[in-house]
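Student: Fit chain to chain and form the complex, with the hints in mind.
Each chain is listed here by its residues.
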Amino acid sequence: MTTHPFLRGIQIFPLLLPFLALLCSCATVDYLPPEQGTSAELQSILAQSLEENLKEIGFDPAGKTVDIQVRALGGHQTPLGLERYVKSLFQEWAVQRGAIVGPGEWRMEVFLPVLGTTATQRNLSYRNVPLYYSERFRASGRLVVIVKDGEGRTAGVWQAGKGGDLADIYLMRIFGPFDVPVGNR
Amino acid sequence: MEKRKKASQTFRGMSILLMILLLATSCATKRYWGPSMGRSADSQSTPADALQKALKSASFEAYKGKSLWIDVYTLTDRTGKESAEERFLRSWMAEKAVSQGSRMARSKAEADILLDVKARVFGVHQTRRDFIPLVYMESTQGVVDLHLAFYERESGKILRTEDLKGEARYLEYYILYMIGPFKSVD
Chain A
1 MTTHPFLRGI QIFPLLLPFL ALLCSCATVD YLPPEQGTSA ELQSILAQSL EENLKEIGFD
61 PAGKTVDIQV RALGGHQTPL GLERYVKSLF QEWAVQRGAI VGPGEWRMEV FLPVLGTTAT
121 QRNLSYRNVP LYYSERFRAS GRLVVIVKDG EGRTAGVWQA GKGGDLADIY LMRIFGPFDV
181 PVGNR
Chain B
1001 MEKRKKASQT FRGMSILLMI LLLATSCATK RYWGPSMGRS ADSQSTPADA LQKALKSASF
1061 EAYKGKSLWI DVYTLTDRTG KESAEERFLR SWMAEKAVSQ GSRMARSKAE ADILLDVKAR
1121 VFGVHQTRRD FIPLVYMEST QGVVDLHLAF YERESGKILR TEDLKGEARY LEYYILYMIG
1181 PFKSVD
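The listed protein sequences correspond, in order, to chains A and B.
With this note's numbering applied, the first sequence corresponds to residues 1 to 185, in that order.
With this note's numbering applied, the second sequence corresponds to residues 1001 to 1186, in that order.
Excised from the complex, chain B in its bound form (with noise of 0.2 Å):
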């Protein structure tokens, strides 16, 4: 009678176990697919954060009054001369300028400042992780890398050069691939 009981025990935690089983095998994986979707919010989301903490500490004080022209370096894709990354680049930098009391000039040849970024970074990097069943986390990176050089126009000379680094993460879990997604940003 005891081992009976005790076997029909066993047998319903079985049939707990297997059922927890079967739900461990199903999947939540985010997707991406490109080009038709263009690039993903996390991937445009992490570096445009990580160009604003990289930019936190950038200043332009030194050339309040005076025109700058801009000119943006990286090693980004593109199919044109200036690739997104560059545009979007030059025009922050731009607003930067601006907002710190700096004019834009309307043509290199009217500049009193030269500013050449060149991004040594501009872009993501991500990490998929499956503890099958327990959590699925997906990890995108922003990183931004920039080396700033300022000239003076007239005499080609260099006035200043500065580095500047921000990085940003965007964290996404699942757990038993059925409850989620838990978002973390730093």
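This is chain A alone, in the form it adopts within the complex (with noise of 0.2 Å):
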């Protein structure tokens, strides 16, 4: 005895239900900002970029008194804050390397004119099935050293522009997220 096509199609709808369920899943990373502060993910990026753009510096300060300046443009709503972490990351810095900071001979100048992060968000699906979503954060930074001697002459430019990459990627919108270090693909 064949069965009814109408019965038969509701023999294989079970089956068919969690793979619909699982296609109209959803997986969002969720930054708001500004009220929640700058996400841990950001402060991360923008943290290893400094350091990254640290190591292109040339100028040696052992045995010299450097005055240190720093001038920034990023930072949410002042740059204060950065200034003050890029000082303090310039001084360890420079006493690592056998220098004394504080008001003397020498005088470094330190801009930031680009510190600061892009989210792009990717979404690929067919026909209202999302297949594949995925959030990358790219910290760009640009710094710039200028470093002057007792009499006022530069002594040394440096330039030095890392930035910081992470991507976050979900499949189907609930497997995941999977991080990947977008410079290390």
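Hints in this document: simulated from the structure, not taken from any laboratory.
Just to be clear, a hint being listed does not mean it is correct.
[Unchecked claim] List time: in silico SDA-like cross-link candidates among lysine to any residue, alpha-carbon distance up to 25 Å: (1) B/LYS1053 x A/ILE45; (2) A/LYS87 x B/ALA1105; (3) A/LYS87 x B/LYS1157.
[As the list claims (entries may be wrong)] Facing chain A, according to a computed beta carbon distance under 8 Å, are these residues of chain B, among others: (4) SER1045; (5) LYS1118; (6) VAL1121.
Just so we're clear, the structure is a prediction, and the values are computed from it rather than from any experiment.
By construction, the Cβ of each residue, glycine as well, lies at the ideal position given by its N, Cα and C atoms.
Tutor: In structure tokens:
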């Protein structure tokens, strides 16, 4: 005896249900600026970017007394926090290389014209079926360091522009996140 | 007769399924609305827990009886000179140092040791997962990554550097959008 096509369709339906439920699922990395503050991931890639840029500075401060000044454009609402953080970073860098930090003969002007992040979302769906979802954070940093001697002459100029990258990938919006540092791909 | 009975059973099954589907379209979503509500409780508790974990291994025993001055630097948001995270972190570190026998100096000039704390990370990130209609999850992860540098104030030399890391996760999930929340902390 053959089964009626309508009944056969009904028998298949429960098998399809979990698949359909899976398709309309959703997973979102949610960052709500600025009320909840700069997210942990963004802070992490900004800090990494700064430390990488610092490695590019070719100045040898050993045995010198260096006065460090930092000027930044970035930072949320005010650049004060960013400037203080970078100054502390440079202070430790200089002292570790045998310098004394404070008013003195040498002057180090550190400019941070760019230090910020961008977030890109990618959604690949077919007929409202989400197949791939990714969120990519990219830190852009540009550091300019000008060193002047006791007579105010420029002893050197260094520029660095290393950024950071991090992508979260979800498949079908439920499997994941697979953290992928984009630079390591 | 047999056919009619089967059709009636199918109709009943379909009705139950329809009801489940109707239930499945309901939604339980925890939403945070700022800034009138301030920072959410999850966003406060997870970094605080992460900080406790990070500071578990921190030791100030080497500076017993000495006076300390603590400066904290973070990449967090602020409206003035010092952010909320910096104020909190400075006070917390001071308590930890005092409990291990150090003293807090009244000014930077009076301190024996200067402690610079750079917080590479002090914050949270949140992930929501929606597996309609079965599970809805919201995860808040607090992350703390500190770099400590101890300076001798007199000479300006670095005595010691230390990295401290801690993470805390808070997970809340709902089943069928109706049952829950089930909470887990780690």
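Student: The structure should be examined with respect to each hint, and the outcome stated for every one.
Tutor: For each hint, the structure was consulted:
Under the criterion of a C-alpha separation no larger than 25 Å, the hint pairing B/LYS1053 with A/ILE45 is consistent with the structure, at around 22 Å. Between A/LYS87 and B/ALA1105 the CA atoms are separated by roughly 22 Å; this keeps the pair inside 25 Å, and the hint holds. For the hint linking A/LYS87 to B/LYS1157, the alpha-carbon distance of about 16 Å falls within 25 Å, and the restraint holds. Hint status for B/SER1045: violated, given a least beta-carbon distance of 13 Å to chain A, over 8 Å.
A hinted interface residue such as B/LYS1118 counts as satisfied when its beta carbon comes closer than 8 Å to some beta carbon of chain A; here the least separation is about 6 Å, so the hint holds. Nearest Cβ of chain A to the Cβ of B/VAL1121: about 5 Å, under the 8 Å cut. The hint holds.
When the structure is compared with the earlier hints, a violation turns up for hint 4 alone.
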